[in-house]
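**Student:** Below are the chains, spelled out letter by letter.
Protein chains: 2
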Amino acid sequence: MLKIKSIGIGADHRGFKLKEKIKTFLETRGYKVIDFGVFSEERADYPKVAFELAQHIKAVPKVKTPKLDFGILVCGSGIGMSISANKVKGIRAALCLNPEFAKRSRQHNNANILVLAADFTTFSKAKDITEVFLSEKFLGERHRARINQISNYENKKK
Amino acid sequence: MLKIKSIGIGADHRGFKLKEKIKTFLETRGYKVIDFGVFSEERADYPKVAFELAQHIKAVPKVKTPKLDFGILVCGSGIGMSISANKVKGIRAALCLNPEFAKRSRQHNNANILVLAADFTTFSKAKDITEVFLSEKFLGERHRARINQISNYENKKK
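Sequences listed follow chains A and B, in order.
So for the first sequence, my numbering puts the first residue at 18; every next one is plus one.
So for the second sequence, my numbering puts the first residue at 18; every next one is plus one.
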């Protein structure tokens with residue numbers, strides 16, 4: 018029996034509508050989805066949502082409960098969410114504009130947060146990207162050495 | 018008289034060719050370009066290049082000389098460079114697939130490193146993205162509050 022994956026989802030005001038649609042899509046696919054907001058299109062600050070969600074991803078030291086297998090963050094361009102989430106130790110957040118990026122981000126970068134750009138991504142495309150992201154596996158080998166270089170940097174910096 | 022901007026540029030093996038072309042393009046436009054490698058298509062690790070370049074960006078605490086106004090990093094998907102560069106305190110690295118992303122990344126996110134995805138970006142498109150990135154200005158205001166939230170997170174985490 019496959020273990021049900023826990024997915025955290027979050028957005029700012031510009032990503033709110035796409036976040037709602039992806040949330041429903043994931044729930045109908047049987048994932049456990051935890052919603053970190055926002056809950057309306059009222060103006061909101063993307064870093065707050067990114068930092069809060071990121072701290073629940075299993076790869077993060079001193080991870081908070083509920084623990085999440087993966088996260089999905091949505092803002093207008095995806096750039097703000099990507100910058101913010103990657104500041105968190107243990108997070109590898111990937112801005113994916115199409116399924117090929119999602120495949121690479123899992124296979125090569127072992128990404129644990131998918132970032133979507135609501136202003137440049139239809140719901141149909143976002144579904145394809147999300148499905149690929151959640152099904153592809155990390156390839157390891159030479160890619161693991163690079164991930165380790167990133168972890169080493171995170172551990173040695175003050 | 019306009020001050021000449023110093024730009025650092027770097028790539029892994031998959032970004033090498035596009036990096037070379039962008040370097041020449043920037044030099045003909047009168048920018049001072051400092052090349053952080055790599056210098057061939059021999060397999061290389063993107064985090065090493067990202068961390069080395071990033072530590073020369075003026076916004077970084079204890080910045081190394083030569084000090085750079087902006088950086089440009091190139092890998093296959095842009096994701097590895099984006100993850101790595103954003104681990105560095107003071108860096109806001111933006112993966113830009115078209116000029117609109119570049120505009121947003123400067124206006125809203127005050128990005129100081131442009132990341133290009135060599136496998137998904139023609140030289141012609143990369144030139145357009147780079148020109149917009151280097152000409153647009155940060156809008157400040159509500160966007161500054163969000164940048165400050167990111168800086169605060171960087172400063173308080175261990």
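Worth flagging that the hints you see were computed from the coordinates, not collected in a lab.
Some hints here could point you the wrong way.
Note: identical chains are not told apart, hence a pair may lie in one copy or across any two.
Unchecked claim - Here are the simulated DSBU-like pairs of lysine-lysine, each with C-alpha atoms no more than 30 Å apart in a straight line:
| no. | residue 1 | residue 2 |
| --- | --- | --- |
| 1 | 173 | 20 |
| 2 | 173 | 38 |
| 3 | 142 | 79 |
| 4 | 20 | 84 |
| 5 | 75 | 120 |
| 6 | 173 | 144 |
| 7 | 173 | 142 |
| 8 | 142 | 40 |
**Student:** At most 30 Å between C-alpha atoms: does residue 142 with residue 40 qualify within a copy, between copies, both, or neither?
**Tutor:** within (15 Å within a copy, 34 Å between copies)
**Student:** Treating 30 Å as the Cα threshold, decide for residue 75 and residue 120: within, between, both or neither.
**Tutor:** within (20 Å within a copy, 34 Å between copies)
**Student:** As a check of your reading, is residue 173 near residue 38 (CA-CA no more than 30 Å) within one copy, between copies, both or neither?
**Tutor:** neither (40 Å within a copy, 34 Å between copies)
**Student:** State whether the alpha carbon distance between residue 173 and residue 144 is at most 30 Å within one copy, between copies, both, or neither.
**Tutor:** Classified as neither: same-chain Cα gap 38 Å, cross-chain 36 Å, threshold 30 Å.
**Student:** Given a CA cutoff of 30 Å, do residue 173 and residue 142 count as a within-copy pair, a between-copy pair, both, or neither?
**Tutor:** Close neither inside one copy (39 Å) nor across copies (37 Å); limit 30 Å.
**Student:** For the identical chains here, do residue 173 and residue 20 meet the 30 Å Cα criterion within one copy, between copies, both, or neither?
**Tutor:** neither (34 Å within a copy, 36 Å between copies)
**Student:** Since the copies are identical, ignore which copy is meant and state whether residue 20 and residue 84 lie within 30 Å (CA to CA) inside a copy, between copies, both or neither.
**Tutor:** Only inside one copy: residue 20 and residue 84 sit 14 Å apart there, 49 Å across copies, limit 30 Å.
**Student:** Indicate which option fits the pair residue 142, residue 79 if close means a Cα-Cα distance not exceeding 30 Å: within, between, both or neither.
**Tutor:** neither (34 Å within a copy, 42 Å between copies)
Of the numbered hints given earlier, the model fails hints 1, 2, 3, 6 and 7; all others are met.
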